[in-house]
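*Asks:* For the protein sequence lines, the chains are A and B, in the order given. Everything in the first sequence is counted per the numbering used here, starting at 1 for the first residue and increasing by one. Everything in the second sequence is counted per the numbering used here, starting at 1 for the first residue and increasing by one.
Worth flagging that the hints you see were computed from the coordinates, not collected in a lab. For glycine and all other residues, C-beta sits at the position ideal for the given N, C-alpha and C. A hint or two may mislead.
Think about it this way: if two alpha-carbon atoms lie no more than 30 Å apart in a straight line, the pair counts; the simulated DSSO-like pairs of lysine-lysine are [said to hold, decoys possible]:
1. Lys54(B) - Lys157(A)
2. Lys190(B) - Lys250(B)
3. Lys76(A) - Lys119(A)
4. Lys13(A) - Lys149(A)
5. Lys150(A) - Lys13(A)
6. Lys76(A) - Lys150(A)
7. Lys213(B) - Lys167(A)
8. Lys54(B) - Lys13(A)
9. Lys213(B) - Lys79(A)
10. Lys54(B) - Lys79(A)
11. Lys275(B) - Lys191(B)
12. Lys213(B) - Lys150(A)
13. Lys76(A) - Lys168(A)
14. Lys168(A) - Lys191(B)
15. Lys76(A) - Lys190(B)
16. Lys150(A) - Lys167(A)
17. Lys167(A) - Lys54(B)
18. Lys157(A) - Lys119(A)
19. Lys250(B) - Lys54(B)
20. Lys79(A) - Lys119(A)
21. Lys168(A) - Lys157(A)
22. Lys149(A) - Lys213(B)
23. Lys150(A) - Lys54(B)
24. Lys76(A) - Lys149(A)
25. Lys79(A) - Lys167(A)
26. Lys119(A) - Lys149(A)
27. Lys54(B) - Lys149(A)
28. Lys213(B) - Lys157(A)
29. Lys54(B) - Lys119(A)
30. Lys190(B) - Lys13(A)
31. Lys167(A) - Lys149(A)
32. Lys191(B) - Lys213(B)
Label pairs and their in silico Cβ distance ranges [what the hints assert, rightly or not]:
33. His33(B) - Leu142(A): 36 to 46 Å
34. Leu142(A) - Trp41(B): 11 to 21 Å
35. Val75(A) - Ala266(B): 38 to 48 Å
36. Pro174(B) - Val82(A): 58 to 68 Å
37. Tyr83(A) - Leu5(B): 40 to 50 Å
38. Ser90(B) - Pro41(A): 42 to 52 Å
39. Leu142(A) - Ala171(B): 29 to 39 Å
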Amino acid sequence: MLKISREEIIDGKFERVLNFFRSRSLWMLYYCTGCGAVELPPTMTSRFDMERFGISPMATPRQADILLVTGYVSVKTLKRIVYSYEQMPEPKWVVGFGSCPVNGGIYWNSYATINQLDKYIPVDISIPGCMPRPQAVIDGLLSLMDSIKKGEAVGYKKYQMNNEWYKKNQREILERTKPVLGGKK
Amino acid sequence: MMEVLNVIGYSFFAMAAGLLYMGIGRKVAARLHRRYGPPVWQCYIDVVKCFSRKSISHNFIMDLGSMMGLSGLLGAAMFIPIAGFLPFPSQGPIIVILYLMPIGYLGMAMGVSASGNPLTAIGIGRALTLMIGYEVPFATIVLSFIAAYSSTSLVSLQAAQAGGFANWHMATMPFGFVAALIALMGMLGKKPFDTMIAPSEIASGPMVELSGKFLGLAFLQHATAIFVETGLFVLLFLGGGSNFLEFIAKQAAVYIVMSSLSELWARYRVEQATKFLWISAGSLALVQLVINMIIGRK
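Produce the entire structure from the sequences given, and follow the hints as far as they go.
*Replies:* Below is the structure:
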């Protein structure tokens, strides 16, 4: 299990000054794995206007602060998500978007998807719903901003400190050779 | 000693002013989309955040290139007189500014292509091709000023426009003004000419591999570029500024016009952009040059 809890590694005083700036300017990389991506254009454009909180889309993992995993995660995409996540410079945060990254959603018993994203990369906030409306997305991102400001969103530190645990979980899925449904290979 | 302080202060001022114009431009663009838009000081927050992040350097050339890009443009900013003020005594020579400005882009090109990402190579190729596109009309405009005044000093060109709107080069050299407006659009990388950034096509081109502090430096470089280019435009065509605030207001007005026009058009391909710049802006600038040569020296 995880060795360190979130409360033990909250940011110090100096970091919190910088955290104010970090929370007011979130650049996001959205990994469009599933249907959730269709809710992002209305969130960004005129009706709901994400940019007034300083949240704007960015093109590559190097520039991004938050990684949005929008929808179910199949085994193949998990590898790419881990690559993208590890390419992002710190501090970085992950938003699980919709019910699929929380518990598998309607794909919970599928052989091709994973059920809990939090076991493979540290998710800072989850926005449940199938799909979450733009209001819910903005609400979720605002509470992420709040926890960044307080220095409580420290998923990236958890990933560093418990790297072995996360890597073990990733290997279990990515290097799986036995057929899941028990057929002959 | 005083001059050193002046240079440092002026550099910070140029970057801060550029960031302010960027923020205003974002707000104006948002209002045109019928959005509320980010606050005007959003760009300052972005820069502080960029510098507070960890960054990934690929090699020494990348560090050197990023610094060279910023310092080249700051060097160009040193020759832009604001209401007669220059950080150290000079006459604001346009030739030196034209010489120093490409150093900024070349530094950027060297720095980002050292990262080895193929998308940066495409982006830089596009940026430098576009530079050929706007440098030719702009150099022709500078030549037309030389034909009219036999001087390349920004201070004396500003003095020649004193005494109201009728004396501004915007009114006395209308063809050159339009040509410079189009060339400025290309310089600032605004919408019809934003082929080098193109986030949906080549993943923001030169900035693909820039993280943390490098992205912050790129932001500051863009801010300085905005300051230099709009400043040059204000000094050449809009009569400069008799005081500090007037100059700033004119620069901001130019940038607001640019970012509003930017919302009108879709993106040109790079060869279309170069062709458009040469044919429209280049021919207008040539017409102005011929007119100035016929009228003769003032």
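*Asks:* Hints the structure violates: just list their numbers, smallest first.
*Replies:* Numbers 6, 14, 15, 19, 24, 30, 33, 39, in rising order.
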